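Student: In case you want the letters, here they are:
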Amino acid sequence: MKSTPPQPAAASAAAVTNAIELADVTFGYNRRQPVLKGITMTIPRGKVVAIMGGSGCGKTTILRLIGGQLRQQSGNVRVGGQSVRDLTRDQLFALRRRIGMLFQFGALFTDMTVFENVAFPMREHTDLADSLIRDLVLMKLQAVGLRGAAQFKPSELSGGMARRVALARAVALDPMLVMYDEPFAGLDPISLGIVGQLIRKLNDALGITSVVVTHDVYESLKIVDYLYFVSAGRIIAQGTPDEVRNSADPFVRQFVDGDPDGPVAFHYPARPYAEDLTARAR
Amino acid sequence: MRRIGAGAINAIARCGFAARFFVAVLYHSPSAFHRLQLTAREIYFAGVLSLVVIMVSGLFVGMVLGLQGYDSLNKYGAGDSLGIFVGLSLVRELGPVVAGLLFASRAGSAITAEIGLMKTTEQLSAMEMMAVDPLARIVAPRFWGGVIAMPLLAALFSVMGVFGAYLVGVRLIGVDNGTFWGNMQAGIDFWPDITNGIIKSVVFGVAVSLIAVFEGYDAKPTAEGVSAATTRTVVGGSLAILALDFVLTVFMFRGMANV
Chain S
40 MKSTPPQPAA
50 ASAAAVTNAI
60 ELADVTFGYN
70 RRQPVLKGIT
80 MTIPRGKVVA
90 IMGGSGCGKT
100 TILRLIGGQL
110 RQQSGNVRVG
120 GQSVRDLTRD
130 QLFALRRRIG
140 MLFQFGALFT
150 DMTVFENVAF
160 PMREHTDLAD
170 SLIRDLVLMK
180 LQAVGLRGAA
190 QFKPSELSGG
200 MARRVALARA
210 VALDPMLVMY
220 DEPFAGLDPI
230 SLGIVGQLIR
240 KLNDALGITS
250 VVVTHDVYES
260 LKIVDYLYFV
270 SAGRIIAQGT
280 PDEVRNSADP
290 FVRQFVDGDP
300 DGPVAFHYPA
310 RPYAEDLTAR
320 AR
Chain L
-2 MRRIGAGAIN
8 AIARCGFAAR
18 FFVAVLYHSP
28 SAFHRLQLTA
38 REIYFAGVLS
48 LVVIMVSGLF
58 VGMVLGLQGY
68 DSLNKYGAGD
78 SLGIFVGLSL
88 VRELGPVVAG
98 LLFASRAGSA
108 ITAEIGLMKT
118 TEQLSAMEMM
128 AVDPLARIVA
138 PRFWGGVIAM
148 PLLAALFSVM
158 GVFGAYLVGV
168 RLIGVDNGTF
178 WGNMQAGIDF
188 WPDITNGIIK
198 SVVFGVAVSL
208 IAVFEGYDAK
218 PTAEGVSAAT
228 TRTVVGGSLA
238 ILALDFVLTV
248 FMFRGMANV
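So the sequences go chain by chain: S and L. Take 40 as the starting number for the first sequence in this note's numbering and just add one per residue. Take -2 as the starting number for the second sequence in this note's numbering and just add one per residue.
Among the clues, some could well be false.
Lysine-lysine pairs mimicking DSSO-like chemistry, simulated, CA-CA at most 30 Å apart [as the list claims (entries may be wrong)]:
{"hint": "1", "chain 1": "S", "residue 1": "Lys76", "chain 2": "L", "residue 2": "Lys72"}
{"hint": "2", "chain 1": "S", "residue 1": "Lys192", "chain 2": "S", "residue 2": "Lys76"}
{"hint": "3", "chain 1": "S", "residue 1": "Lys76", "chain 2": "S", "residue 2": "Lys261"}
{"hint": "4", "chain 1": "S", "residue 1": "Lys240", "chain 2": "S", "residue 2": "Lys192"}
{"hint": "5", "chain 1": "S", "residue 1": "Lys261", "chain 2": "S", "residue 2": "Lys86"}
{"hint": "6", "chain 1": "L", "residue 1": "Lys217", "chain 2": "S", "residue 2": "Lys192"}
Because the hints were derived from the structure by calculation, they are not lab data. Keep in mind the model is a prediction, meaning the values are calculated, not measured.
Okay, chain S solo, but in the shape it has when bound (with noise of 0.2 Å):
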């Protein structure tokens, strides 16, 4: 299975209609072990994209090179036009306000209040006044529904308030790009619901590009516009929702269906099992 993802940019436009380009991106935290072999993507602006694969597959690298914690040893990223490998620090730092980020356990600041934690970006790149922050801060909250909750401290948060605190913050700069972390991990159903239908809407109320990275497939077959599966470091499939579920690859089915076996070994690659436990007996 392989579609074209949602409106195809031209070359020459690409930097208009596509958030993020990557093109044959290769990386790997030492050289021998490649992460990521070749990857190549496109996530047009205003789209709600998953990133899909197994634990350790390289989707949480494939945001940080996007936003520029880690650089590629081949291959581009462009995010909104620009290469983010030849980016200055001041550069990058500007595109970084135009991104918002919200990580697999919200990565709340302990010290500061829900209300702080939404203000921190505010005050720390504006010089708007407090009282105008306030409001700001008030309409994030409720727009996550948690305004109630704008002086509580975040160890007094279940995983899904503080999933959505994270995410009123990740948007607190009105940002042009957001990128999901494992938004679903470890959430009640009904707090996963609620996350899901928070970045579908917010990706749509604010006119956003959202790139969510997980391994939920159900959850995500009902918000985004386009998966990639991602495996040991290579795209394997792609495509639409409905094309996911009507697809016959054996990685996708393996991956929708829940199967312990198939494409994806159960077993980690070892000697064959009689021969270890003979080896023991000796």
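We have chain S already, so just place chain L on it with the hints.
Tutor: What follows is chain L alone, placed relative to chain S:
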């Protein structure tokens, strides 16, 4: 042999990283003073919250000094010199060194654990992604908070030590009050005695604070990694204080001999 070589290369690389880190902290230091409330908060955490342990320790060290010092001095008929003995011991050596060791244990370990946990819970990454440099926002204020707090704590330690010695020497044993304070006043000079003590405490403050923020920032983002980093801060900070104390004392002694 290969393991020793790899260990040596790692150690050298880590020293290089620490040196670059120190330069980066200094580069970002203006922001710590530009937003003074951040540094003031860290002075409170590193300094004010260390007051109890520093003052109580200073009091008991002074009381022990008073007892032991009087016992030794009295054997040579010099019991009246207790004031100058206690004063010089505390101002030149015990104040900066013991306060530094306590500071490394109380405040240094807390700074390392806090920064390490922020790294583990991705708070530092989140800050970076919000285009806020953690070196400027988190590390530099904590570094300068420690550097400013340490000399003040050492001074308080010495004051409490002298008071403890006074309680034991004058109130308990019966050394003459005027002799105790008069000898101390006559025998201790602002320069070099007190100044050298201040210089030592500032140097110890820089060393311990740098080790604390570096270990936190460089900690492996796991529970075990933060635990190991906290231990390294206490051990490394304590050894650095003792080694630096010897080096500084050598130079200060040479300076005093030349005077």
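Student: Evaluate each hint against the coordinates.
Tutor: Status of the hints after comparison with the structure:
A distance of roughly 81 Å separates the Cα atoms of Lys76/S and Lys72/L; the hinted pair therefore is violated under the 30 Å criterion. In summary, the hint linking Lys192/S to Lys76/S is not supported, as the alpha carbons are separated by about 42 Å, beyond the 30 Å threshold. Restraint check: the Cα-Cα separation between Lys76/S and Lys261/S comes to about 29 Å, which is no more than 30 Å; the hinted pair holds. About 26 Å separates the Cα atoms of Lys240/S and Lys192/S, which keeps this hinted pair within 30 Å; it holds.
Restraint check for Lys261/S and Lys86/S: satisfied, since their Cα atoms lie roughly 14 Å apart, inside the 30 Å limit. Between Lys217/L and Lys192/S the alpha-carbon distance is near 26 Å, which keeps this suggested pair within the 30 Å criterion.
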